[in-house]
Amino acid sequence: MSAFSIVLAKECIDNLRDRRTLMSSLSLALLGPLFFVGAMSLVLSEAIDDQDDAIRFSVLGTDHAPELIRYLESQNSEIGRIDPAHASDPRVLVRSGEHDLIVVIPENHGERLRSGQLSTFTIIYDSSELGSAPQRARRVERMLETWGRTVGVLRLQLRGIDPLLVQPLMVDSVDVASTSEQALKLLGMVPYFVLLGAFMGGFYLAIDTTAGEREQGSLEPLLSQPVSRAALVLGKIAATCTFTAMSLLLMLAGFYLGLPFVPLDRIGLELDFTLPNFAGIFLLMLPLTWFAAALLTVAATLAKTYKEAQTYLSFLIMVPTLPIVFTQLLGVEATIWMMLIPSLSQSILMTAFLTNDHIAWMDVLISMLSTGFLAVLLTMLAVNLYSRERVLG
Amino acid sequence: MIVVKGLSKSFGKVTAIDAVSFSASDTRVTALLGPNGAGKSTTLRILAGVLRAGSGTAEIDGHEVHAEPDRVRASIGVLPHASGVYARLTARENVRYFGRLHGLSGESLESRIEALIDQFDMRTFADRRTKGFSQGQRVKVALARALVHNPRHVILDEPTNGLDVMATRALREIILGLRYAGCCVLFSSHIMQEVSNLCDDVIIIAGGRVRFTGDLAQLSDSAGHDDLEEAFVRIAGLDGAQT
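As they're listed, the protein sequences go chains L and B. According to our numbering, the stretch in the first sequence is residues 562 to 954, in order. According to our numbering, the stretch in the second sequence is residues 168 to 410, in order.
Bear in mind the hints are in silico, worked out from the structure with no lab data behind them.
Distance condition first, Cα-Cα at most 20 Å in a straight line; then the derived EDC-like pairs of lysine to aspartate or glutamate: (1) Lys746/L x Asp918/L; (2) Lys298/B x Glu776/L; (3) Lys865/L x Glu950/L; (4) Lys746/L x Glu894/L; (5) Lys172/B x Glu235/B; (6) Lys868/L x Asp579/L; (7) Lys298/B x Asp579/L; (8) Lys180/B x Glu950/L; (9) Lys172/B x Asp185/B.
Cβ pair distances, simulated, as ranges: (10) Ser875/L x Lys180/B: 31 to 39 Å; (11) Glu235/B x Met584/L: 43 to 51 Å; (12) Lys180/B x Leu953/L: 17 to 25 Å; (13) Leu818/L x Arg290/B: 47 to 55 Å; (14) Thr291/B x Leu818/L: 46 to 54 Å; (15) Thr224/B x Val880/L: 41 to 49 Å; (16) Asn203/B x Ser875/L: 30 to 38 Å; (17) Thr224/B x Ser585/L: 42 to 50 Å; (18) Arg949/L x Ala282/B: 30 to 38 Å.
Covered stretches of chain L (in silico footprint by chain B; criterion: 3 or more residues with CB under 8 Å from a CB of chain B, positions within the stretch not fixed): (19) 562-569; (20) 574-583; (21) 765-779; (22) 786-792.
Please read these numbers as outputs of a predicted model, since none were measured by experiment. Glycine included, each C-beta is placed from N, C-alpha and C at the ideal position.
Here chain L stands alone, though its shape is the one from the complex:
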């Protein structure tokens, strides 16, 4: 065995035996997809409340407005009638969770309607509770307003007045975002998780093999062995890379299994998450796993203590997620120079893989080569750091 593989094997075994750090670095890889799929499913099923479904709510005082109730029922409403004899304060009923949405029709509604006076309805719901009550409250409000407008129009017509006189303008809003673009935005979160997961996978190993080894006093004996510094450093980075790649693989497996459960079809999106596409993402990310390992190793080597290394690296693993946030916020078009930037190029291309978009293989190649090149530079820097006396601290 070469010195490189001896160091690699030792560091891997050493890290595998540390359950605490292993758990913390792999838990993100396992929980990330779970969290994403769960949150996504919740958001989609809640926010995109299906307009065709019957809307369900309760009404207190149905007897005061029979014609309105008939109208509401004709609008696909499932109305729960609250018996006024047994009803306490409707607010209490909502707060206690017995009803989640109550429309209160005032007792004198019939009278006021006949005499042309303003009648105030109250919609009661609790927005602090999970559920679709706020969305349904808006729908009920719209239905009530439509009914009110219809009554108003009829009144004006009876008096021989053109109803348009009291409606000087009308607003029509058009959302041009296509469903695929919406999905792009949602799926744009996946690269964020995947990148963070990959970096997190090497977090503790990078510290253990550098600042940790120095702090426990085994670095000096190690450096006294008849082994080139390059072999030692390469072995250490390769061990870290093994775990960034493993974390990446777990993460991708999680998303591959989890994403089909996200109800993307509810926003009219049919996406196939195919195995070749995920294999493509893994291939695309491979240079980045080495880049991450080398970057973390260099940063942890520069730190004076284990604690200091933890602080540096906690910040450092956030850095690769920044370009994703920027592109998400600014909605930048992918250009060739972006393919030169590690993490940015991977996140753009990963989204293309996920949305079954056209894959520019030239871009993939450029991304892999440029990230690989930077990874080699960082590796050389790490070897150089280990060749200095100051590495002993």
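Dock chain B against chain L, hints included.
Chain B in isolation, oriented as in the chain L frame:
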């Protein structure tokens, strides 16, 4: 045979050692004696090849440490100051790791490790992870690790630090065993008693300079004092302004 000539080393403006010269012979135990901060560790670290000398040469069996680093490292066993072991590896795995780095493998490596385990009386804890080991147990593991490749030269930086009486005795046995096996043993210490019990030759170093080289008899002669500790204090200049 270790030969050091005119070795100097500075860290920034601080001169750690200044023109240090001495030699340590085979089949003898040589002590590098000096107060804290005298430059003992710096000297030994240069010999181990982890520090580069500002000027001067350090040769082991005629090979300059920085000209032929891997050759020199293969022929020396080093126990650095406060050397740690891997907490999540067992004692045996710690030793095996360094053995492999020295190019040993298979049956020859395993039988060598077995021999060291017996020699250092490590049988009871050889297959336990070193986390939670006593200081004495840790030093034994670190020492076995340093000797796994059967080095001809052994360099120990304050090996008795933190050891209790029994562990110190065991270490003394090990060092004497190495001498009988024909090794050149160079160890540093700041405790005169330890040195007088064990060593053949003494190098006294203080303030980065060599103050004395010779055997124990010459030491008491040159200081004009039978009490070796008193002799050391005088020669190192510790009885004056320094404390």
